[in-house]
Amino acid sequence: MRQRKIIPRVDPKLLIKDAAKLMPDAGRRSFLRGAASLGALTFLTGCDIIDGDAAESVLRKISEFNDGAQAALFSRTKLAPTYHESAITRPFPFNAYYDEYEAPEVDGKTYKLEVAGLVDNKRPWTLNELHALPEVSQITRHICVEGWSAIGSWQGTPLSEFLKRIGADARAKYVWFRCAEGYTNTIDMPTALHPQTQMTFKFDNKILPRAYGFPMKIRMPTKLGFKNPKYVVAMEVTNSDKGGYWEDKGYNWFSGL
Amino acid sequence: MTTDTITAASIEATIHPRWVRVCHWINALAILVMIGSGWQIYNASPLFDFLVFPRQIALGNWLAGALLWHFAAMWVLVINGVVYVTLGIVTGRLRRKLSPICLGDVAADMKAALAFKLAHDDLSRYNALQKLLYTDVILTGVVIVLSGLSIWKPVQFQELTAVFGGYDAARYVHFFAMAAIVGFLVVHVALALIVPKSLHAMITGR
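Order-wise, the sequence lines are chains A and B. Quick note: the first sequence uses our numbering, first residue 40, plus one each step. Quick note: the second sequence uses our numbering, first residue 3, plus one each step.
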């Protein structure tokens, strides 16, 4: 929404309405129904291409093809543009499919990051241990699948560094994340190893507030916002694509920028 | 009549060769899908407070569906567009049909058009207004594809995104290019309906 870009007056209510709008309800499930432009298409082609599941499955197939095209376009060394501190969007918008007061409250004292899958060391990590990892910083643009964008400042440790420490198999295809509220996310290994992909513990040099994903977010400036999970409590290095919350609802899986 | 003259006569009578017609209708289909789904995508984060597209005329039902349509039809639009422009250049058709454009002719034809006196007797020759509009819409097509790539891949194609003034600015360029194409479509379709033989020519070739 516009309000998110007019920085001084971000209305959280509006943001939520916006996120809620994205949820397909029962009447909205089909990607295909009820469009006059399709009436014109039917007129032009002389056949009814709107008809249901076949078209939807073709669209999903093309989306999978687009995953491959984007993986081919993805450069392991090309960095997302970075910005000066003065460019940071303040306040940085809270964004989720639930209201801010419904955001998970994770207890930092008892928090442990679970590590699973194709790694040598599956010992869980406490927040203190994670905070002791080497810190890097980035000021990059967060781009939402809806189209709006905001520039934020994130500090944490490169995910590639962490994967190295736990002895992750870098030949594995995916890294899967699970979040405190049940949100999930799978990313490709090349993105996981990208130099700007970060296990984030701070926003704007302060410990992540609850709204931005305390205690840990995975920041990837090379992917759309919804591929950047917050409140991460577990990760798994794997060769099987476990999908994700929005991907399963129809958003493109790779969603690279 | 010899075979030669028949062939010559039929070539003469062909206003739009087959490749032009095929490309035209594939493009028509692709552009409708792109515009309809684009409107739905726009609605997820409107650029203007006063403009939201009615859901009845937007394609895809919600954002994810619209994005699936948009990123499927983009291949059709771009591949077909490249084929069209390449053949147009190789055969010399684009140059023959669309140039030269003289500003004097444009003004004169504009005056005639506003007085409803612009002749369409010879469909194989474009008047100055047609030349200008068709050239414009092809160039706008290039802009909408490049600005679209800038929005889709602002990291991998960041140099291109920078040409448009950055990610946010590229969204506005993409929007206004859409508006220009919709404006063209309104005039184009209205005139095709007013002069039905032009529509006939785009279907049968003559």
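Derived by calculation from the structure, the hints in this document are not laboratory data. All C-beta atoms in this analysis are idealised placements derived from N, C-alpha and C, irrespective of residue type, glycine included. Do not rely on the hints blindly, as some may be mistaken.
DSBU-like mimics (lysine-lysine), calculated; alpha carbons at most 30 Å apart, straight line [said to hold, decoys possible]:
| no. | chain 1 | residue 1 | chain 2 | residue 2 |
| --- | --- | --- | --- | --- |
| 1 | A | Lys161 | A | Lys151 |
| 2 | A | Lys288 | A | Lys148 |
| 3 | B | Lys133 | B | Lys155 |
| 4 | B | Lys99 | B | Lys133 |
| 5 | B | Lys133 | B | Lys199 |
| 6 | B | Lys155 | A | Lys241 |
| 7 | B | Lys155 | A | Lys212 |
| 8 | A | Lys203 | B | Lys199 |
| 9 | A | Lys148 | A | Lys161 |
| 10 | A | Lys100 | A | Lys212 |
| 11 | A | Lys288 | B | Lys99 |
| 12 | A | Lys100 | A | Lys117 |
| 13 | B | Lys155 | A | Lys117 |
| 14 | B | Lys199 | B | Lys113 |
| 15 | A | Lys151 | A | Lys203 |
| 16 | A | Lys281 | A | Lys117 |
| 17 | A | Lys161 | A | Lys203 |
| 18 | A | Lys100 | B | Lys99 |
| 19 | A | Lys151 | A | Lys241 |
| 20 | A | Lys117 | A | Lys212 |
| 21 | A | Lys281 | B | Lys155 |
Just so you have them, the derived chain A footprint on chain B, three or more residues with Cβ under 8 Å [unchecked claim]:
| no. | segment |
| --- | --- |
| 22 | 54-68 |
| 23 | 71-77 |
| 24 | 105-111 |
| 25 | 167-176 |
Comparing the hints with the structure gives:
The straight-line distance between the Cα atoms of Lys161 (chain A) and Lys151 (chain A) is roughly 12 Å, inside the 30 Å bound, and the hint therefore holds. As the CA atoms of Lys288 (chain A) and Lys148 (chain A) are separated by approximately 34 Å, the hinted pair breaks the 30 Å bound. Our distance criterion of 30 Å between C-alpha atoms is broken by Lys133 (chain B) and Lys155 (chain B), whose separation comes to about 33 Å. A hinted pair counts as satisfied when its Cα atoms are at most 30 Å apart, and Lys99 (chain B) with Lys133 (chain B) qualifies at roughly 7 Å.
Distance restraint check for Lys133 (chain B) and Lys199 (chain B): the Cα-Cα separation of roughly 19 Å lies within the 30 Å cut-off, and the hinted pair is therefore satisfied. Under the criterion of a C-alpha separation no larger than 30 Å, the hint pairing Lys155 (chain B) with Lys241 (chain A) is consistent with the structure, at around 27 Å. Pair hint Lys155 (chain B) plus Lys212 (chain A) holds up; C-alpha atoms about 22 Å apart against a cutoff of 30 Å. Annotation: proposed proximity of Lys203 (chain A) to Lys199 (chain B) is violated, straight-line Cα distance about 69 Å (limit 30 Å).
Between Lys148 (chain A) and Lys161 (chain A) the CA atoms are separated by roughly 20 Å; this keeps the pair inside 30 Å, and the hint holds. Our distance criterion of 30 Å between C-alpha atoms is met by Lys100 (chain A) and Lys212 (chain A), whose separation comes to about 20 Å. At roughly 47 Å between alpha-carbon atoms, Lys288 (chain A) and Lys99 (chain B) are farther apart than 30 Å, so this suggested pair is violated. Restraint check for Lys100 (chain A) and Lys117 (chain A): the C-alpha separation of about 28 Å stays at or below 30 Å, so the hint holds.
Taking the CA atoms of Lys155 (chain B) and Lys117 (chain A), the gap is about 12 Å. The hint holds against a cut of 30 Å. Note on Lys199 (chain B) and Lys113 (chain B): the hinted pairing holds, with a Cα-Cα distance of about 23 Å set against a maximum of 30 Å. In summary, the hint linking Lys151 (chain A) to Lys203 (chain A) is supported, as the alpha carbons are separated by about 19 Å, within the 30 Å threshold. Only pairs whose Cα atoms come within 30 Å are accepted, and Lys281 (chain A) paired with Lys117 (chain A) is accepted, the gap being roughly 27 Å.
As the CA atoms of Lys161 (chain A) and Lys203 (chain A) are separated by approximately 13 Å, the hinted pair is consistent with the 30 Å bound. Among the hinted pairs, Lys100 (chain A) with Lys99 (chain B) is inconsistent with the structure: their alpha-carbon atoms are about 39 Å apart, more than 30 Å. A hinted pair counts as satisfied when its Cα atoms are at most 30 Å apart, and Lys151 (chain A) with Lys241 (chain A) qualifies at roughly 17 Å. Restraint check: the Cα-Cα separation between Lys117 (chain A) and Lys212 (chain A) comes to about 20 Å, which is no more than 30 Å; the hinted pair holds.
Between the alpha carbons of Lys281 (chain A) and Lys155 (chain B) the distance comes to roughly 25 Å, so the proposed pair stays at or under 30 Å and holds. A stretch counts as covered by a chain when three or more of its residues have a beta carbon under 8 Å from one of that chain; for the segment 54-68 of chain B and chain A the count is 12, and the coverage holds. Given as covered by chain A, the segment 71-77 of chain B passes the check, having 4 residues with a CB less than 8 Å from a CB of that chain where 3 are the minimum. With a cut-off of 8 Å between beta carbons, the segment 105-111 of chain B has 0 residues touching chain A; three or more are needed, and the interface restraint is violated.
Only residues whose C-beta sits within less than 8 Å of a C-beta in chain A count toward coverage, and the segment 167-176 of chain B has 3 of them, enough to reach three; the restraint holds.
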